[in-house]
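> Spelled out, the chains give:
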Amino acid sequence: MSSRAPVADWASDFDHRDSDWVEDPFPIWDELRLKCPIAHTDRFSGVYFPLRYDDIRAIAYDPEHFSSRRLFVREGRPPLPKAPPITSDPPAHRDERKMLLPPFTPAAVQKLEPRARDICRELLECLANRSECDGAIDYAQEIPARLTAHMLGVSEDSGDQFRKWIHEFFELSIADPVIAVRVVAEITDFFKREIAKRRTAPGDDLVSYLINARIGERAVEENEMTGILRLLLFAGIDTTWSAIGAALWHLANHADDRRWLAAEPQLIPTAVEEFLRAYAPVTMGREIVKETDINGCHFKEGEMVMLAFGAANRDPAAFPDADRVTIDRAENRHAAFGLGIHRCIGSTLARMEMRVALEEWLGKFPDFTLTPGAVVKWSMGTVRGPRQLPITFPK
Amino acid sequence: MNARQHKSATTVSLRVRVDRVLCQGHARCVVLAPELFEADEFGGGREIGDGGVPSDLENKAWLAKANCPEFAIDVERLGETA
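Just so you know, the sequences run in chain order A and B. Just add 15 to the spot in the first sequence (first one is 1) and you have our numbering. Just add 1023 to the spot in the second sequence (first one is 1) and you have our numbering.
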């Protein structure tokens, strides 16, 4: 870790790497929402941090001023190749996104559910007869890693390599942008080899899909393919891993909710939405490409904005009892998957993985708690979720 | 009058409609009210048929509207002035 000055004031000097922020950002965010409600820091060459649902929504809907060409807040701004459609703005974004939508429709995701369920069962089988485990490492992280590998048509044992890249790109590169450049180069090489293999031996997988797909009238270029595949790797794994982990963390901490869900598994889809609202893992950046004003705040060209969808989801102006996790909350138009044209393309997939992961876990282990005295560790940066989650099963 | 009473058991008094410009394909409506909404080949939501809501599905129509993150669903009351 680089040495850096401690945070003097959250409203004017925030740092999302601060240990208080990483461990439990919600009290900080609630305070800022009342006080600011758009925080700013001079760190990272200038970053704005809106906290109200309406402001986050307005920015997500405004690609003219807030570009997606830079999505991550880091020390330094390394040049990185594009990863369409997430790094694209209108008008190019539209056809790129349309090309990628068909493999992620509800009908397409339904076909993946049996594999997702088998993965969960295989993992839980390994935990049978154990008195404790790590819910993040032994379960949550493996589900999206293996399912993503399955969808890409690569070995499901690639998970360790994927997670190393993800950790380096999302967490370590905040302080050292050179790491981001190196990781992207490694992933590009990895996918170039996979693309070459699929050109001679196509399969029923996303690499083969891209080889045959068209953006508007034209084929997808190889550098676009490697960018898209990198996006699928990054966006599909530690997001869902974080969401499953946060749900397990909540249930390990709340015996009443745990017993309720175990007794009434038909409530799991509703509970999944509430976990997504309350513990929304993703914070996405935007680069201000044209100065503008929102809610009385001036946004300077060239600086960044961090859109913490979890902050929008905890805004009491948008959600009654916003700070209370209510697993049977029926009306829940949360923004965990973003809003507007960059809505997470894998949202239906992530929801399926979360639901299946909880159904299978609670079916096998209806009773579990955090291991007394053990430490839960949360990730920092773009994706927030437990990376260490010690769980005990009572005898 | 008589014809109207005769039909009342199956009277449709609500109609749902998805604004296809606002819809971003979150698919909440498709999951919460599959009798009323379906996904197209790109995962975008659309109402089934003319969007008419059988009386026993009215709650689902309101639930879909209340859960749409893009505020893309309109629920219209029909026939109140007829």
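The set of hints was computed from the structure by calculation and includes no laboratory data. We put the CB at the ideal spot given by N, CA and C, even for glycine. Some hints here could point you the wrong way.
Claimed, not checked - Here are the computed distance ranges between Cβ atoms for each label pair:
hint : chain 1 : residue 1 : chain 2 : residue 2 : range
1    : A       : Ser34     : B       : Val1044   : 53 to 59 Å
2    : B       : Glu1081   : A       : His313    : 45 to 51 Å
3    : A       : Lys379    : B       : Glu1064   : 33 to 39 Å
4    : B       : Pro1077   : A       : Pro42     : 28 to 34 Å
5    : B       : Leu1101   : A       : Asp175    : 32 to 38 Å
6    : A       : Arg84     : B       : Glu1081   : 54 to 60 Å
7    : B       : Glu1058   : A       : Glu232    : 36 to 42 Å
8    : A       : Asp77     : B       : Ser1036   : 20 to 26 Å
9    : B       : Glu1099   : A       : Ser170    : 48 to 54 Å
10   : B       : Arg1100   : A       : Ala122    : 28 to 34 Å
11   : B       : Val1044   : A       : Asp175    : 40 to 46 Å
12   : A       : Ser170    : B       : Val1044   : 39 to 45 Å
13   : B       : Glu1081   : A       : Ala389    : 44 to 50 Å
What the hints assert, rightly or not - Calculated cross-link-like contacts (lysine to any residue; reagent style SDA-like; alpha-carbon spacing at most 25 Å):
hint : chain 1 : residue 1 : chain 2 : residue 2
14   : B       : Lys1088   : A       : Asp343
15   : B       : Lys1088   : A       : Pro331
16   : B       : Lys1088   : A       : Asp77
17   : B       : Lys1088   : A       : Trp25
18   : B       : Lys1088   : A       : Ala332
> Which hint numbers does the structure go against, in order from smallest to largest?
Violated: hints 1, 4, 5, 6, 8, 17.
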